[in-house]
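Could you slot chain B onto chain A? The hints should help.
Just so you know, the sequences run in chain order A and B.
In short: position in the first sequence from 1, add 3, done, that's the working numbering.
In short: position in the second sequence from 1, add 41, done, that's the working numbering.
Don't read these hints as lab results, they were simulated from the structure.
Don't take every hint at face value.
[Claimed, not checked] So the derived label-pair ranges between C-beta atoms look like this:
#1 29(A) - 100(B): 16 to 26 Å
#2 104(A) - 117(B): 19 to 29 Å
#3 101(A) - 81(B): 26 to 36 Å
[What the hints assert, rightly or not] Here are a few chain A residues that sit away from chain B, every Cβ distance over 10 Å (derived from the structure):
#4 59
#5 65
#6 91
Every residue gets a Cβ at the ideal spot worked out from N, C-alpha and C, and that includes glycine.
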Amino acid sequence: AQKITQTQPGMFVQEKEAVTLDCTYDTSDQSYGLFWYKQPSSGEMIFLIYQGSYDEQNATEGRYSLNFQKARKSANLVISASQLGDSAMYFCAMRGMDSSYKLIFGSGTRLLVRP
Amino acid sequence: DTGVSQNPRHKITKRGQNVTFRCDPISEHNRLYWYRQTLGQGPEFLTYFQNEAQLEKSRLLSDRFSAERPKGSFSTLEIQRTEQGDSAMYLCASPAGNTIYFGEGSWLTVV
Numbered sequence: 004a005q006k007i008t009q010t011q012p013g014m015f016v017q018e019k020e021a022v023t024l025d026c027t028y029d030t031s032d033q034s035y036g037l038f039w040y041k042q043p044s045s046g047e048m049i050f051l052i053y054q055g056s057y058d059e060q061n062a063t064e065g066r067y068s069l070n071f072q073k074a075r076k077s078a079n080l081v082i083s084a085s086q087l088g089d090s091a092m093y094f095c096a097m098r099g100m101d102s103s104y105k106l107i108f109g110s111g112t113r114l115l116v117r118p
Numbered sequence: 042d043t044g045v046s047q048n049p050r051h052k053i054t055k056r057g058q059n060v061t062f063r064c065d066p067i068s069e070h071n072r073l074y075w076y077r078q079t080l081g082q083g084p085e086f087l088t089y090f091q092n093e094a095q096l097e098k099s100r101l102l103s104d105r106f107s108a109e110r111p112k113g114s115f116s117t118l119e120i121q122r123t124e125q126g127d128s129a130m131y132l133c134a135s136p137a138g139n140t141i142y143f144g145e146g147s148w149l150t151v152v
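For reference, chain A alone in the conformation it holds in the complex (with noise of 0.2 Å):
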């Protein structure tokens, strides 16, 4: 079965600075996606980047990078320059390659910003 396991329930970062979010995930597939989401209070999932498991570099997309790291099975967020929108939740979500292509998601992240 596949699991996505998201080990830091809050984070704090100053404003300005870098930060990481863990995740691990497990399956047994050969072929998945890796996606994260940010979620502010006011409930909608936003999409921030995503990594093909064949893709040999890491995805970025703007202040957003994913530290992919196959062997380990983790698929860290890197969100440089962090500014105060940037407080919310971000979960980590994966899609297997069953015909379904349904993600399964970890149990979040909250993190606040501090100016």
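Frame of chain A; chain B shown alone:
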């Protein structure tokens, strides 16, 4: 704006009443997913459609829940005889390539 819209955004209902949520996915995308998210948890898969066909249902989807996607466009999720345990946010998602976009969610509170 992800192109996925849901309504109503908020619904408060009395226990035992029926509620219906609607999702309008990204146009011309043939897959549509429903997820449920309870407080403090990540979203959990409920069901998905390929065009108008409902192809998979989670164990979470009890017989009080029914989802439809007539004509393969918008989808509805109905909960009959609501219970307090149904209080959650119901999220709709629509994939576009390697990106999966979510709607803003429909919050349900059962009192």
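### Message
Hint by hint, where does the structure go against what was stated? Just the numbers, ascending.
### Response
Going through the list in order, the structure violates no hint and respects every one.
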